[in-house]
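> Residue strings, one per chain:
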Amino acid sequence: KAGVTQTPRYLIKTRGQQVTLSCSPISGHRSVSWYQQTPGQGLQFLFEYFSETQRNKGNFPGRFSGRQFSNSRSEMNVSTLELGDSALYLCASSSASATSPVEQYFGPGTRLTVT
Amino acid sequence: AQTVTQSQPEMSVQEAETVTLSCTYDTSENNYYLFWYKQPPSRQMILVIRQEAYKQQNATENRFSVNFQKAAKSFSLKISDSQLGDTAMYFCALNNAGNMLTFGGGTRLMVKP
Chain A
310 KAGVTQTPRY LIKTRGQQVT LSCSPISGHR SVSWYQQTPG QGLQFLFEYF SETQRNKGNF
370 PGRFSGRQFS NSRSEMNVST LELGDSALYL CASSSASATS PVEQYFGPGT RLTVT
Chain B
1332 AQTVTQSQPE MSVQEAETVT LSCTYDTSEN NYYLFWYKQP PSRQMILVIR QEAYKQQNAT
1392 ENRFSVNFQK AAKSFSLKIS DSQLGDTAMY FCALNNAGNM LTFGGGTRLM VKP
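Chains as they are written, first to last, in the numbering used here: chain A, 310 to 424; chain B, 1332 to 1444.
For reference, chain A alone in the conformation it holds in the complex (with noise of 0.2 angstroms):
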């Protein structure tokens, strides 16, 4: 099977814009996650859908958002871009069902840079 995939790689915004990367989970994966990795903050969690639905969101700013599609690829939002927004913005992909705790898949990430 093929992994988890994230386009574009890499980013260069200026403050106040907008950007939307896009990931496309392991075949057969309904759920989606995403992180964001900074070296001051370590690696937090964003949100997550399954099945199109938003089921947890971590403690980010409403111009943090997200969606899933039908097939399960999932794109997430930042508007309004700020200094503070770079990072390295890694996806996941797991089988988990329910609410069952699974492991993730991860993709190589998107590194995004904000000037």
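Please note that a few of the clues may not be correct.
Claimed, not checked - Per the computed footprint, the stretches of chain A lying under chain B, defined by three or more beta-carbons under 8 angstroms from a beta-carbon of chain B, are:
1) 339–350
2) 397–405
Said to hold, decoys possible - Some chain A residues flagged as far from chain B (calculated, every beta-carbon gap over 10 angstroms):
3) G367
4) F369
5) N386
6) V411
These aren't lab readings, by the way, just hints derived from the structure by calculation.
A quick note: this is a predicted structure, and the numbers were derived from the prediction, not measured.
Think of the CB as a built atom: it goes at the ideal place given N, C-alpha and C, for glycine as much as any other residue.
Dock chain B against the given chain A, drawing on the hints supplied.
What follows is chain B alone, placed relative to chain A:
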């Protein structure tokens, strides 16, 4: 809220030797999974090993094994016969509700030739 703590920011080990990375966690849930992930310089997060909390037997994957002490909320990773390719950041992670992983701060492991 759940927390994961890795008290060793950096460690080094000689090639072919054994090293143990520490992790402690806190959760009020009974049903949870613990994981060790490896993140090499390429940044791709790779699952190393997982442990279900309800299983008493420690998980093993080739050269990687864990010491799971549920009462002490401790979950250490032992790497045997260390190889140069094991050089990476190692993250301990807890999943106890849906798919929200809580990560520790990471341990940077350097394997020296």
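> For every hint, state whether the structure bears it out.
Here's how the hints hold up against the structure:
Only residues whose C-beta sits within less than 8 angstroms of a C-beta in chain B count toward coverage, and the stretch 339–350 of chain A has 3 of them, enough to reach three; the restraint holds. Counting residues of the stretch 397–405 of chain A whose CB falls under 8 angstroms from any CB of chain B gives 5; the rule of at least 3 is met. Not every CB of chain B lies more than 10 angstroms from the CB of A:G367, the least distance being 7 angstroms, so the non-interface label is violated. Every beta carbon of chain B lies more than 10 angstroms from that of A:F369, the smallest distance being close to 13 angstroms; the non-interface claim holds.
Annotated as non-interface, A:N386 keeps its C-beta farther than 10 angstroms from every C-beta of chain B; the closest such distance is 20 angstroms. The Cβ of A:V411 sits about 7 angstroms from the closest Cβ of chain B, inside the 10 angstroms cut-off, so the non-interface label is violated.
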